[in-house]
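Using this note's numbering, the letters of the sequence shown correspond one by one to residues 33 to 597.
Simulated from the structure, these hints should not be mistaken for laboratory data. Check each hint, because a few of them may be wrong.
As a list, the in silico DSSO-like pairs of lysine-lysine whose alpha-carbon atoms are at most 30 Å apart [said to hold, decoys possible]:
#: 1; residue 1: 488; residue 2: 579
#: 2; residue 1: 513; residue 2: 579
#: 3; residue 1: 579; residue 2: 568
#: 4; residue 1: 418; residue 2: 447
#: 5; residue 1: 596; residue 2: 579
#: 6; residue 1: 595; residue 2: 568
#: 7; residue 1: 443; residue 2: 595
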Amino acid sequence: MFDFFNVFYYTIFINKKGDKIVKKIKLKRLKLKSVYTRYMLIFMAIMFFTVAILGVLVTTIAGNYATETKRNELYETNVLFKKTVLSMSGEYESIEKQLKSNETTLRENLSFAFFAMSDCGVIITDNQGKIAFFAYRDAQSGEPILLYGDGALSKNEVINKLQINKNILLDIYESRNIFRDSDMGDLFTKSVDFYASAISDPPQIDDTIDSDTETSIDTEATDIPTDPKTEEDKTPEEDILGEGEIGVVITFAGAQGQTDMADDMLRSIAISVIWISLCALVAIYGFSYQVMKPLREISNAAKDFSRGKYDARVRVRGDDEIAELATSFNNLVTVVQARDEMQNTFLSNASHDLRTPMTTIAGFIDSILDGAIPPEKQEYYLRIIKEEIKRLSRLVSSLLDISRLQSGERKFEMKEFNICELARQTVISFENQLEEKKLDVEFDLDDFDIDVIGDKDAINQVVYNLCHNAIKFSYEKGNYKVSIKDEGDKIRFLIRNEGIGITKEELPFVFDRFFKSDKSRGLDKTGAGLGLFISKTIIEAHGEEIKVNSEYGKYCEFSFTLKKA
33 MFDFFNVFYY TIFINKKGDK IVKKIKLKRL KLKSVYTRYM LIFMAIMFFT
83 VAILGVLVTT IAGNYATETK RNELYETNVL FKKTVLSMSG EYESIEKQLK
133 SNETTLRENL SFAFFAMSDC GVIITDNQGK IAFFAYRDAQ SGEPILLYGD
183 GALSKNEVIN KLQINKNILL DIYESRNIFR DSDMGDLFTK SVDFYASAIS
233 DPPQIDDTID SDTETSIDTE ATDIPTDPKT EEDKTPEEDI LGEGEIGVVI
283 TFAGAQGQTD MADDMLRSIA ISVIWISLCA LVAIYGFSYQ VMKPLREISN
333 AAKDFSRGKY DARVRVRGDD EIAELATSFN NLVTVVQARD EMQNTFLSNA
383 SHDLRTPMTT IAGFIDSILD GAIPPEKQEY YLRIIKEEIK RLSRLVSSLL
433 DISRLQSGER KFEMKEFNIC ELARQTVISF ENQLEEKKLD VEFDLDDFDI
483 DVIGDKDAIN QVVYNLCHNA IKFSYEKGNY KVSIKDEGDK IRFLIRNEGI
533 GITKEELPFV FDRFFKSDKS RGLDKTGAGL GLFISKTIIE AHGEEIKVNS
583 EYGKYCEFSF TLKKA
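Required output: the full structure, derived from the provided sequences and hints.
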């Protein structure tokens, strides 16, 4: 997942002459083993890219807004001066003199323009593109500078010459107005944003501005009047000097202000990102540390558990997913510890069950062979040896059954049989034990003839185990009840006794291997703790369930289901 954290490093060797030689380049992967470190880096990366993208978007939107605002202001200033030129009286051939005579009006217009844009300027030319009027704002004093004719080149660092490039002039006359960012064919000493429009007679003043075009704002301008000559016969100069053209008004403003604004915004965004990142780093560090703390505790406890320390536990905090993980870990440790204890108990019991009869058998046989036991008593002791051999056989048989069930060697033959008859015969086979404990036997059937599908021998083994355990752990004169209930497409077999029962803590382990509820072995002297495990394995192999319900000191009830035929 984190393969993108790769690091290239160079192994540099220096030879005797001191020259650096790159002998080999190795690629190594930086493995971030800590989930905490990965979490921190990913969160910081997401936050950084999010803020950066937002910064770029804000800067772009602000830049576009500033450009559109400047365009509108240049347009409005241009229209203002164009109206002033058109309102002047006299011959237009002497436009320079007419402008000088209207200097008061021009200064008023400049005041308005400077109020909207402090760095703007105005150029008015005749119809040949020669500058007749040039005005700008002095950078030091802030006062407007008005220059006329040839004097426009004096005392300024804004324009380089008095004549507009012929191609640009032709472009203005054809387009009627243009908005661009350039030095206007080396007219200006540096690149500026300018709006240029032609002055026509009769007037053609466009009061709208098209913000979707970079080269033309007045999209409804009228074509330049032409004379009867064909387009091929006309020269560029004649095209420029068409009838009705008075001159050109150019309003401009430096492009640096917009660039400075963008730089300031980027600088502010960068500083904000740094401070936000630092604050977020501190906050994420504290938050992540608290989140990862229980995970580290679980990790340490798991390591202790793997070393055999079954007392390892994790403190559960809250009720979130990590708390659930801690609870699951504690439950796992408890289950494994209990099973380990049961296995150790089984080994101890199995060793005892094997060693005791073998010792008894060996002792009696030696006594018979040595003549220590008189012939008239040998039959009695031989019967004891026989019972001990049977006990060994049952233990070995149980172990073999488990091995065959787990390996899948034992195959089940699914056939129809009468479960009620099987249960009746099994209970009758325990008649002596039932009478010995004087149990009150109750046989509860929904029907005396209920057929089920299953392996009859295997189900008989399950019923036998459950009935035998119920007798073994019953109180004397207690109730002993066998029930078979119809549940639609299934039946449920239940066996219930009044006896010692099983504690609530031991219930989850009843069907585990080697489990023996009677720790002292006072009631169960022959069992190995494998019968219920075998029963559960058989029932689950039939695709059914087996359950236990008990209240310690009062009763215990086992039940399992089978499919009806």
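Item checked: Numbered hints the structure breaks, given as an ascending list -> 4
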